[in-house]
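> Read off the chains here:
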Amino acid sequence: MISNLGLTLLVPVTPFAAFLLLAIVGPLRRTGRGAGLLSITAITISFAAALIVWTQGFVGERTWGWIPADGGPIATVGVLVDPLSNAMLVLVTLVSLLVQIYSLAYLSDERPASLGRYYTYQSLFVFSMLGLVLAPGFLQMFVFWELVGLCSYLLIGFWYERPAAARAAVKAFWITKLGDVGFIIGIVLLWAATGTFEFTELFEKAQAVSGLPLIMFLIYLGAVGKSAQFPLHVWLPDAMEGPTPVSALIHAATMVTAGVFMVTRAEPLFALVPEVLTLIAWVGAFTALLAATMACVEGDIKRVLAYSTVSQLGYMMAAAGAGAAQAGFLHLLTHGLFKALLFLAAGAVIHAVGTNDVFRMGGLFRAMPQTGIVFIVGTLALAGVPPLAGFFSKEAVLGGVWEAHLTGPFLMLALTALLTAFYMFRVVFIAFFGRAFAAGHPHEAPWLMRGPLWLLAALTVAVGLRLAVGGSEHEAPGWLVPLSLALAFAGFALAWAMYQRGLVDPATFSTALAPFDFLARRRYGIDALYGVLYRALVLGFARLIGWIDRYLVDGVLNVLSALTLRAGSGLRGIQSGRAQDYVYGVAFGVLLLIVWAQLWR
Amino acid sequence: MIGLSSYLVLAALVFSIGLFGVLTRRNAVGILLGIELMLNAVNINLVAFARFHGDLTGVIFTLFTISITVAEVAVGLAIVIAIFRVRRTVEADRLDLLRG
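Chains A and B, in that order, are what the protein sequence lines are. Position 45 of the first sequence, counted from 1, bears residue number 45 in our numbering, the numbering being contiguous throughout. Positions in the second sequence are counted from 1; adding 601 to them yields our numbering.
The hints are simulated quantities; they were obtained by calculation from the structure and are not laboratory data. One or more hints might be untrue.
Here are the in silico distance ranges between beta carbons for each label pair [as the list claims (entries may be wrong)]:
(1) B/627 to A/593: 24 to 34 Å
(2) B/653 to A/593: 41 to 51 Å
(3) A/573 to B/658: 19 to 29 Å
(4) A/570 to B/658: 30 to 40 Å
(5) B/661 to A/573: 44 to 54 Å
(6) B/658 to A/569: 23 to 33 Å
(7) A/575 to B/658: 39 to 49 Å
(8) B/675 to A/575: 29 to 39 Å
(9) B/658 to A/598: 37 to 47 Å
Just so we're clear, the structure is a prediction, and the values are computed from it rather than from any experiment. Backbone N, C-alpha and C define an ideal beta-carbon position, used for all residues, glycine too.
Construct the entire structure; sequences and hints are all you get.
Here it is, written out as structure tokens:
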């Protein structure tokens, strides 16, 4: 058990050691590529350890007392190892490793100091995410939850000279904090009721807690912010201002799934509050549909993928809400693989053509067939085509939602499946086929970037085959597979007809659906609403505080100092500077003393 | 026989004249003279008390006072001359560099 524990601890500790080394030793960080290699070495060790932990199927828990108090420590830190965290460990370390290797080529134009900074943040992120995954209690989870949020902020704002990136970073930080406030309040309320942060203890004691629905709703708010659920989804598309590998790692495969992971981890608690679960399912399905419609009208390749991520996160949440948390978690894992693949492939495309706009790409398949193939593999997986990984997990989610008799969410998710196939093939047809728009000569990415792409594509296929052989455990109705295949094919056919054959003009289509088109292009006004609220509430409050500071706090001090000045200038006349005047004063004073002494003896 | 009080009255008169001089003279040398008068009033007191109490301490003390007064006048006049060199005047009313 000790060696198991040591191995498990090795997983998060190595990236942390790399982070400390890079953060403290400045010259090492400024070497850029050297820092990258160090970080990659650390994550490789971490990945190997995670792989062993996973294949050996370690299970166990070890905690140490943290905040000491009378009658035992208030909180504990430690590691909780079970199949859930094992699978997550492998996913996080694998995607991080591939992304870090990929970044070495993708960010090769950066100054060495910037590159070193990038890898420092990356190492910190990996450590934080692993700490979150291994957390045995809510408090440790919250600490690492905030740490990954910090890393997300730092990496979105990696190109902080660009105002858009700096704004997006602040926006991501703000919006997720909205949810996190609920999260911490929920955690503390739960602690007040049960006296523990530990999951295992909470699962036993939670039945007796009164007001559990409210508490679980507050905790769920944290997941809403982190996993970009409606109405706090607005930060994720803007987070695409960061470097593409960051989007692949943090904003597709790992951090944004922390919310889903948390709900899955705390599933026994959520199972006690069916009303909150129903809410989670509805919000998840609605998010999935809303994001999918926005992805259909988006022209920026990374933003399409970002909306797609929001949409798929909605899927996972819907599954968790339907009580099929395992299905949601399976989708989390497969989605982590193929969405990272899609982002990295999109990064290779952006690297080659120098723009994010799909309408300025075209015919790229001929120029970069390898990237094209892996992108299509990712697209097929996302659209849910067998035998790729996405098909089985999506089936499991849809089946789980149907089993839970949530007809509304099921219909929304089914429609989303159609839209998913549509918007992904839309990108494929516009960017990779059709007329060659791209200026210059797009070329295949260097092998450092292609290697991770092929590996992820192979894994997407391999996991799919593994799931196909293993078979699915849940009993879905028999018509589900044909239905979802038909939906995926319909989406594909629509995209093909519109953007490849030109049978249907996209313009007539959008006029036919004018209200939706109008709203989706304006992101349903949600961003604008946040903007107005931000300006009215936050800036208004800031202005009020500013006024109070300037006119009340400063005002009192200004009046005091003005009085002092007045008194001083009034009294300066006494100081004539002539010695004789002072002698007069002394003589007069002595006289007074004598008189006083005579009178009051 | 002249009593002790007569000496004290004389000393008080001399002291007052000296103080008057210090307060009213406009010339710095005049002020120094006033100070001298005040010091000598003290000396008269000391000698008078020594004489009437039959204690020589007062007389000896007066000798010290006189010698210190000499030193004081020497320093005082030196300062006055130094001021005169810089300011071209020794008029007390115009020596008000420290005016607030």
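> Does each hint hold? Answer for all of them.
Evaluation of the provided hints:
Taken as a hint, the range 24 to 34 Å holds for the pair residue 627 of chain B and residue 593 of chain A, whose Cβ atoms sit roughly 28 Å apart. The hint said 41 to 51 Å for the Cβ distance between residue 653 of chain B and residue 593 of chain A, and at roughly 27 Å that hint is violated. At roughly 47 Å, the beta-carbon separation of residue 573 of chain A and residue 658 of chain B lies outside the given 19 to 29 Å, and the hint is violated. Roughly 51 Å separates the CB atoms of residue 570 of chain A and residue 658 of chain B, a value that falls outside the hinted 30 to 40 Å.
Separated by about 47 Å at the C-beta atoms, residue 661 of chain B and residue 573 of chain A satisfy the suggested range of 44 to 54 Å. Between residue 658 of chain B and residue 569 of chain A the CB atoms are about 52 Å apart, so this pair departs from the stated range of 23 to 33 Å. Between residue 575 of chain A and residue 658 of chain B the beta carbons are some 42 Å apart, a value that agrees with the proposed interval 39 to 49 Å. For residue 675 of chain B and residue 575 of chain A, the Cβ-Cβ distance of about 30 Å falls inside the hinted range of 29 to 39 Å, so the restraint holds.
Remark: the range hint 37 to 47 Å for residue 658 of chain B to residue 598 of chain A is contradicted by a beta-carbon distance near 28 Å.
Checked against the numbered hints above, the structure violates hints 2, 3, 4, 6 and 9; every other hint is satisfied.
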